[in-house]
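S.K.: In case you want the letters, here they are:
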Amino acid sequence: MSSLTLHDVRITGAEGSRNYINDEYGALSWLLTKDHKRIAILYLISITIMFLLGGSFAVIMRVELLTPEGDLLTSDTYNKMFTLHGIVMIFFFLIPVIPAILGNFILPIQLGAKDFAFPKINLLSWYLYIFAAAVGLYVIITGGVDTGWTFYTPFSTQYSNTHVIGVTFAGFIAGFSSILTGLNFIVTIHRMRAPGLTWYRLPLFVWALYATSVVMLLATPVLAITLVMLMFERFTGIGIFNPAIGGDPVLYQHMFWFYSHPAVYIMILPAMGVASEVVAAFTRKKIFGYRFVAFSSLGIAFLGFLVWAHHLFVAGISVYSALIFAFLSFFVAVPSAIKVFNWTATLYKASVSWATPMLYILGFIGLFTIGGVTGLFLAALGLDIHVHDTYFVVAHFHYVMVGGTVMAYLAGIHYWWPKITGRMYNEFWARLAALLVFVGFNLTFFPQFILGYLGMPRRYHAYAPEFQVLNVMSTAGASILAVGYALPLIYLGFSLRFGRKAGVNPWGAVGLEWTTSSPPPKHNFEETPVVTWDAYDYPAMMKAVGETQNV
Amino acid sequence: MEIPYNVAPRPDTGLYNAKLGIWLFLASEVMLFGALFSSLILLRSGAPSWPRGWEELNVPLATINTFVLIFSSVAVVMAWANFRLGQFSKGRIWLGVTLLCAAGFMVIKGFEYAHKFHLHHYPSTSNFFAIYFVMTGLHGLHVLGGVVVFGYFAGPGSKMYFSERQRFINRIEVAGLYWHFVDLVWIFLFPTLYLL
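Protein sequences, first through last, are from chains X and B. The opening position of the first sequence corresponds to residue 1 in this note's numbering, with each subsequent residue numbered one higher. The opening position of the second sequence corresponds to residue 1001 in this note's numbering, with each subsequent residue numbered one higher.
Note that these hints are calculated values from the structure, not bench results. Glycine included, each C-beta is placed from N, C-alpha and C at the ideal position. Worth double-checking, as some hints may not be accurate.
Short, incomplete list of chain X residues facing chain B, as computed with Cβ under 10 Å [said to hold, decoys possible]:
#1 Phe118
#2 Val187
#3 His190
#4 Met229
SDA-like mimics (lysine to any residue), calculated; alpha carbons at most 20 Å apart, straight line [stated by the list, open to error]:
#5 Lys1019/B <-> Ile121/X
#6 Lys1019/B <-> His190/X
#7 Lys1116/B <-> Gly237/X
#8 Lys120/X <-> Trp1023/B
#9 Lys120/X <-> Arg1171/B
Given the sequences, and given the hints that come with them, work out the whole structure.
M.R.: So this is what it looks like as structure tokens:
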């Protein structure tokens, strides 16, 4: 077993001793816990359930789209399916998934801290999430919503006969869960770093979460107040978004996207953080251009606030403002490209280990690049008018969010699974699942780029017969993808009982989380570590390994 | 488990955790109210006609309310200072004054609302009243939140003064920062809604 004692960190907690899992027993010890690791497990379970729910709506849609006729679902039911798929996946899966599961578990340990600065607020965030999810589930059971996940007015305020108030209330509550998580992360990163752990020694996952938290903190309240006005308008008949009494529906779109565009960076930035961790660990190299990667996270977070109106190019905004927003949107490509180039440069001449997390991240880099470049197509004013509200947009979004965020989440959960549970998963099945996800994903969404470019509009349950071949391909891909997502549930669950013991550092990675036992003890470290080295100090580790072998 | 800088400030920045936390929270609040102010500006600049605030709203009552809130901000500082000087009962009295001011503000606001309803000016009457009720209503909810917090610190929460004095004083300071923010929002609401 590779228990590297590099850097003079005393490896704490012997195998089989007390850890955060077996420290206390009983349901209440979990539901009232203030331990960030246990809260991460609570999130893991609840977010996985929401993912399966959101995924099942997608399966129903893909089955409907096998044939050009709208034969399985009525158009009203189909409207509800894509709305619920969007709401569940965005507000209850993509936004919290990496910060709330991996961030909650790993961030304090990477900082060498015992917990977050506000452990009670951390638990409160989870309860807010659960409350919001419960309201959302109530809405789904009692008939659903049909407005699309964007709740555009005036349809959502005046015409829709579904539970708009209920579901926007759920979004409102989930927003506060997100704000509190972001606040807790920022204070913790400022305050709880171990002695010697300066900002430039922080892992890039921490930088990414910091940038994410800033966006959560500053963008989410705008959505909250917008949803409040929407509810109020539906409830009391005020006319802020109603042109008939002097209101402005485009104002709603501005305010909605002022949050929801930065929100896509809430979803992708933590994924980029995971990518940096995994690339460094499986190439045994320092991340090329550490400071560029760190500051590009902050750059994306900042620029993300300045591009919202590119969603409104056909909504009647002036050509001049559209031009400016198109130009600013191009700018986001710069920090994103810096990251991709730096990961690629790290891979250059490295001896890459083909472990499962690395397979996912290699997929991530490719798919995120495709998603990002097609984002530039959409930011270009002329082309956007051609492909607006077609499957091109759907494909672009899924390449970034599923090909990007979900792939990186799967990489992260595999990478840190030994730390979280103390067990190794089956490598063969894990690699197979990674392959199925990659193949299934591309087969599902690449045809949608073509469909969109040929003019197939999104959000219809029926389509012109000439689009059928590509739609059948897409549905076939979705079935492969579903198998790819189901496999980890099985073999990861299996590993809890039958998996090989992981040991302190199964990957031979550096980073404070790999210096404490797996699973970590209740307070993470027996004694607070003192950091005297840079992040990703793999060159020093390789040297140390070489010396031991020579002896 | 010991969380660093939970009570004592960090020497280089002079902030304890909760103080950093409340500043971040207030930044978030600025975005919340900022979105409403932006909506007001956009609606007003796009409207063919927009009523003058002083023609529709009661400026004298709002002026009184402005001074009530400013005085309550002073009162909370007095409470904090007295607790720091070790004068528990005086500090509690000043907390009581803060509470009274907050309640007074809400009562006056209630009279204003009642008068509007009496004149059949509802949120749905016009966009001016829609944004007026949303903004002052949200602000009122923040005042009520302050009442709950200060009520707790003046009542059952004050026991902490004798067990963990510094932590209690920190709590008053953090709640005070929130209270100044609520005050400040009103300082912006008053001219934009009533005087312009």
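S.K.: Tell me if the straight-line CA distance from lysine 1116/B to glycine 237/X falls inside 20 Å.
M.R.: 17 Å, holds
S.K.: Given the hint that lysine 1019/B pairs with isoleucine 121/X, test it: the Cα-Cα distance must not exceed 20 Å.
M.R.: 15 Å, holds
S.K.: Does arginine 1171/B lie within 20 Å of lysine 120/X when you go C-alpha to C-alpha?
M.R.: Within the cut-off at roughly 15 Å; holds.
S.K.: Would you check whether histidine 190/X satisfies its interface hint, that is, whether its CB is within less than 10 Å of any CB in chain B?
M.R.: 6 Å, holds
S.K.: Double-check phenylalanine 118/X for me: the hint is only fine if its C-beta lies closer than 10 Å to a C-beta in chain B.
M.R.: 6 Å, holds
S.K.: Quick check on valine 187/X please, does its C-beta sit within 10 Å of some C-beta on chain B?
M.R.: 5 Å, holds
S.K.: Under 10 Å, Cβ to Cβ, is where methionine 229/X needs to be relative to chain B, so tell me if that hint holds or is violated.
M.R.: With a minimum Cβ separation of about 6 Å from chain B (threshold 10 Å), the hint on methionine 229/X holds.
S.K.: Does histidine 190/X lie within 20 Å of lysine 1019/B when you go C-alpha to C-alpha?
M.R.: Within the cut-off at roughly 12 Å; holds.
S.K.: Starting from lysine 120/X, check that the Cα of tryptophan 1023/B is at most 20 Å away, please.
M.R.: 18 Å, holds
Consistency note: the structure conflicts with none of the earlier hints.
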